[in-house]
Amino acid sequence: MGSGFVFGFGENGWGPLLLHGAAMTLAVALTGFGIGLLIGTIGAWAKLKGGYFCRSLADAYTTIMRGIPDLLVIYLFYFGSSAVLTPLGGLFGASGFISIPGFLAGSLAIGLVSGAYQTEVMRGAYRAVSSGEIEAAIASGMSQLTLFRRIVAPLVLRHALPGLGNVWQLVLKESALVSVTGLVEILRTAQIGAGSTGQPFTFFLAAAVLYLVISSISGWLLQRTEWRLTRGSRPV
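Residue numbers 985 to 1220, in the numbering used here, belong to the letters of the sequence shown in order.
Don't take every hint at face value.
Label-pair restraints from in silico Cβ distances [as the list claims (entries may be wrong)]:
#1 His1004 - Asp1043: 36 to 44 Å
#2 Ile1118 - Leu1189: 24 to 32 Å
#3 Gln1207 - Ala1112: 13 to 21 Å
#4 Leu1055 - Ser1200: 23 to 31 Å
#5 Pro1000 - Ser1124: 29 to 37 Å
#6 Cys1038 - Ile1118: 20 to 28 Å
#7 Gly1074 - Leu1032: 39 to 47 Å
#8 Arg1050 - Arg1133: 24 to 32 Å
#9 Ile1118 - Ser1040: 21 to 29 Å
Keep in mind that the hints were calculated from the coordinates and are not lab data.
All C-beta atoms in this analysis are idealised placements derived from N, C-alpha and C, irrespective of residue type, glycine included.
Input sequences plus hints: build the corresponding full structure.
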């Protein structure tokens, strides 16, 4: 059976399944990255503006999450939830293993891990903003909300974007680990296809190409976004 036929879009082709796996990978990565961005923003605020307790909590969070393997965090979410849901389901007559869906477990785990890195990215980006720009905006009578929307947020994003781009590439690769929960993304589809056809090299090579394509396109989009955000600050 030729690789062209294997990856075709006919009745026996694996093309649609691989594309579905790629879509699932993107969905998990985007959801996890979004959760991480929210956590990172809160964590950066806690480290920069919070009191002693908030700073200590944020420091502990970033230290722990950057020190634990990502796969272990996914296992803790997936199997840890079963430790609660399985006995709870038994009270209502359910039997067998019960856990939160693989997509949710993977997204939350990736979000929690990436949030630790995004906390440091956002904290560094805020510190890179010139205090004079903020002071000038305050002196002009801007409200706190207007100051954040028109001055702080755009400047922080401008400085944070390169670091966030690196975190996104890490998140994209971490999404492959979610296959341990049974979620059918790129890697899981490749594993199933390799076992069904007896062509492991062909399928894992195809998975590598898909990851490379997604990574390259997202990298190009991030570069374009960074270029647009820094147009007014580049030297002529």
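Checklist line | Numbered hints the structure breaks, given as an ascending list | finding: 2, 5
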